[in-house]
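Asks: Here are the chains, one letter per residue:
Number of protein chains: 2
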Amino acid sequence: MFSSIRVKYSLILSSAKLVKRNYKGNHNAVELTKDRYKIKRNNYSVINDKDISFFENQIGKSYVVTNSDDIEGNNIDFLRSCRGNSQLLLKPKNEIEISQILKYCYSRNLAVCPQGGNTGLVGGSVPVFDEIIISLQRLNEIYSVDEITGIITCGSGCILENLENEAKNHGLRFPLDLGAKSTCQIGGNASTNAGGLRVIRYGSLHGSILGIETVLASGNILDLMSNFKKDNTGYHLKHLFIGCEGTLGIITKVAVLCPAISSSINVAFIALPSFEAVLKTFVKAKKYLGEILSACELIDEISFKRSVETFNLNPPISGYPFYMLIETSGSNNKHDEEKFNIFLNNGMENGEILDGTFTGEPGKISEIWKIRELVPVSLIEDGYCFKYDISLPLRDFYKIVLVMRERMKNFDVDVCGYGHIGDSNLHLNVACKGFSQDIYRKIEPFVFEYTSKLKGSVSAEHGIGFLKTKYLPFSKSDEAINLMRNIKTMLDPKNILNPYKVLPQE
Amino acid sequence: MFSSIRVKYSLILSSAKLVKRNYKGNHNAVELTKDRYKIKRNNYSVINDKDISFFENQIGKSYVVTNSDDIEGNNIDFLRSCRGNSQLLLKPKNEIEISQILKYCYSRNLAVCPQGGNTGLVGGSVPVFDEIIISLQRLNEIYSVDEITGIITCGSGCILENLENEAKNHGLRFPLDLGAKSTCQIGGNASTNAGGLRVIRYGSLHGSILGIETVLASGNILDLMSNFKKDNTGYHLKHLFIGCEGTLGIITKVAVLCPAISSSINVAFIALPSFEAVLKTFVKAKKYLGEILSACELIDEISFKRSVETFNLNPPISGYPFYMLIETSGSNNKHDEEKFNIFLNNGMENGEILDGTFTGEPGKISEIWKIRELVPVSLIEDGYCFKYDISLPLRDFYKIVLVMRERMKNFDVDVCGYGHIGDSNLHLNVACKGFSQDIYRKIEPFVFEYTSKLKGSVSAEHGIGFLKTKYLPFSKSDEAINLMRNIKTMLDPKNILNPYKVLPQE
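Line by line, the protein sequences are chains Z and Y.
For any residue, its number in my numbering is found by taking its place in the first sequence, counting from 1, and adding 3.
For any residue, its number in my numbering is found by taking its place in the second sequence, counting from 1, and adding 3.
Bound conformation, chain Z alone:
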């Protein structure tokens, strides 16, 4: 019943192109953040000609952008949820220039918004008002690749896909992988503690990133670079900056530990009758595929249809309520295939797996992955999408999709769920024609209250950014938020680094 995939995709667009295309939309259609979300500007200075001259002298005229057309793409986020009104985009080349910029901004009380690939989904990577955008794109050098230890050191502006390719050239596998890899930058990944598809195998960036260099609000450069998995010399400061979303420092360099590349990669795309069968299949995947399991993704019927129909994909199977994409990465293909067969046969015999396809051919693997990777893009293709990225106890993992679907039945929306079930991480989406306050208010704060009741996390991997600050208390105690504030005040007393983000307004 399981065979190598034979489908042909009539049209395969790379996620990369789609991501880029979205930046070119009609910007004026996006409301300014300050209007849509009704928030008040902090009392920062406003840039003047003297400031511009200073920056031009420091980093060179061609890296100081003031033309608003050229800045517009940097003012709007990927989801078109947020639109800032920055008048100045700086493109420094290294940590020294960033240090000079921040020292100056600190003394002048000018707010800044650090920006990587601007692929964030919570409005964290674009300014809210007129913050100066500091692009990291020129910090894109790969400094070293150590084939013995597997450590890559590089600038924070390196594009994830480039790092993946460089790793591959040295027999290594970059431990982070996500849909936006052709555009996102490793510094942004680190700042947001990006999760993605392979956390189940390689863990989070808190483990993979061995060292970072970051520039503080004061302009001081904090060198926490390390080439060691084990380094117990004092407080583990790097973790403060991994996931701080640019509010405590601007990451300029990282050292990333990469595992050896797997010579054998296999993927199964399977259909399941119920969420209960999904859960059983996940537990069995851990048991039978154990150490070779490298991705375990869930796609529900609506997510599947949106992806397939929007991009005219020709999927190997269709017509089922649930699908899973299960990937293994190992060092011996014969062994891996054998393990996969035992796992799949067991699932078929027990009625948990209804149908599916299994392949080890790279071209076909990438076709299968597209079904999953194009889901998020398909949901925003012809309108707007309210996106929720939550961690939930596995037993209650899918119930929220059904509850939300019932709740939204009077609206013209698609409610669907997909995501990294192997990490208890659900992407709950409500896709609609356009942003609507009615829909917005029907979903929020309900979705966060519901998540909180199940002791889930209101942001699994996307972060808090601008859009979720007021929901932080649903997942964090007052004591914890208080400590966050104290840390923020200690490191950035004037609150010039990515303001209005992460911490709730007081």
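In case anyone wonders, no lab produced these hints; they're calculated from the structure.
Mixed in with the good hints there might be a few duds.
A pair holds if it fits inside one copy or across any two, identical chains being indistinguishable in the list.
What the hints assert, rightly or not - Quick list of in silico lysine-lysine cross-link-like pairs, DSS-like style, CA-CA up to 27 angstroms:
{"hint": "1", "residue 1": "LYS445", "residue 2": "LYS473"}
{"hint": "2", "residue 1": "LYS290", "residue 2": "LYS367"}
{"hint": "3", "residue 1": "LYS171", "residue 2": "LYS287"}
{"hint": "4", "residue 1": "LYS456", "residue 2": "LYS473"}
{"hint": "5", "residue 1": "LYS308", "residue 2": "LYS337"}
{"hint": "6", "residue 1": "LYS402", "residue 2": "LYS287"}
{"hint": "7", "residue 1": "LYS283", "residue 2": "LYS436"}
Note that the coordinates shown come from a computational prediction; the quantities given were computed from them, not determined experimentally.
We have chain Z; now place chain Y onto it with these hints.
Replies: Structure of chain Y alone, referenced to chain Z:
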């Protein structure tokens, strides 16, 4: 040439018993820390009868220990390097009682020393002067084990080996393993970011520990418990406490993610002609054993001899300059054995592996592990041992042992090296008859200067504790140490939590 092991150990003592025996030695032979290291007491209050009464009322008379004989074991560290002079040992039962104790100590300006299993190797777990010892041993409840997600939540006083057994009962493998597991506690492990034998496979505790609860110096309880691998809600605060060595908070609860247990475990103990061969073998282990590699240990000739001779072991092979213990854990024994065979044959054919033994039998595996696990105990059995736990670039990993041996040639000492080569972590040891200032000064600060020159870490997994504070600057910049100080001041303004530890005296 490779066969299942056939040796018999005439006498196998468990590490546990050895650890415990050491606590019962002649305590008066150990100099007080304040005399040996000539340091000055901070200006804390001194406990009085009123304080004792307060504590007796709060936690019960039988948990307030004032008899100095009963406290003596808690005043001296495992290595007999440090001896405090505490007059009061408290044994609270939960985070509420610890909160009450700290609130009181904070108001009275009384310093405290949190203590787990007291198996630390840098003098971090015993008082320096008369700090009140807060034992965590009664927080030893396992709250829950989730077989689907693999998450165990428990009190910080749980003994590591008990957690390992509980995990096993639920089809899980506890991700941390180290020599002191029969005595050490998970809270102490978390506070010191203990590394151990399986970091190469399961990563560090920063990844495995999903949530913690900690009591701050103010007595406030900070609840950072989480059951999710992905939880990007604000700053990742837990990492501040993992590895803070009890100086920022007292950990009272943890949630630990455990992988599925491996049905197949195999171990090879091999002999190698040179360090170059060791390095090549490590790289090949990553390549051929890839995802099943779960330990990769190095033992040099002197370490091997000390262990074997001290405990009358009957090792399967002997007479070589280097040994490696390589362990795999997988889900299919046939596959694992096949991979191991390919790896070992390759090494033998290329002359990197000279001889060895290979086994999958649990009893024999544990006999082999004893050769490695008894090395540290054998080095302190009849005297004193200066222990250094450093991370070094692999290319220069072993050179420091040779350099140190040459440097110490006029002393009656054994200089040896062993450790977790898979994590670039070397245990450099200088074993001698007893502590001597001459030997001490010949080794330090040289060993740290040398490590620093190679950009290594002066403490890979043991931490800074009391013994290494002045060497912290060899691995951390002024800017980093400054930030650590600011964090310490923010969280513990009166410096009552485990003073004289981690941060260098100003």
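Asks: Each hint needs a verdict: does it hold in this structure or not?
Replies: Each hint, compared with the structure:
1. With identical chains, the CA atoms of LYS445 and LYS473 are at most 27 angstroms apart within one copy only, with a shortest distance of 16 angstroms there and 58 angstroms across copies.
2. Taking the shortest Cα distances, LYS290 and LYS367 sit within 27 angstroms of each other both inside one copy (26 angstroms) and across copies (25 angstroms).
3. Taking CA atoms no more than 27 angstroms apart as the test, LYS171 paired with LYS287 passes between copies only; the shortest distance there is 17 angstroms, against 30 angstroms inside one copy.
4. In this homomeric assembly, LYS456 and LYS473 come within 27 angstroms of each other (Cα to Cα) only inside a single copy, at 17 angstroms, whereas the closest approach across copies is 48 angstroms.
5. Taking the shortest Cα distances, LYS308 and LYS337 never come within 27 angstroms of each other, neither inside one copy (34 angstroms) nor across copies (41 angstroms).
6. When the C-alpha separation of LYS402 and LYS287 is checked against a cutoff of 27 angstroms, the pair qualifies only within one copy, where the shortest distance is 21 angstroms, while the shortest distance between copies is 46 angstroms.
7. For the homomeric pair LYS283 and LYS436, neither the shortest alpha-carbon distance inside one copy (36 angstroms) nor that between copies (59 angstroms) is at most 27 angstroms.
Of the numbered hints given earlier, the model fails hints 5, 7; all others are met.
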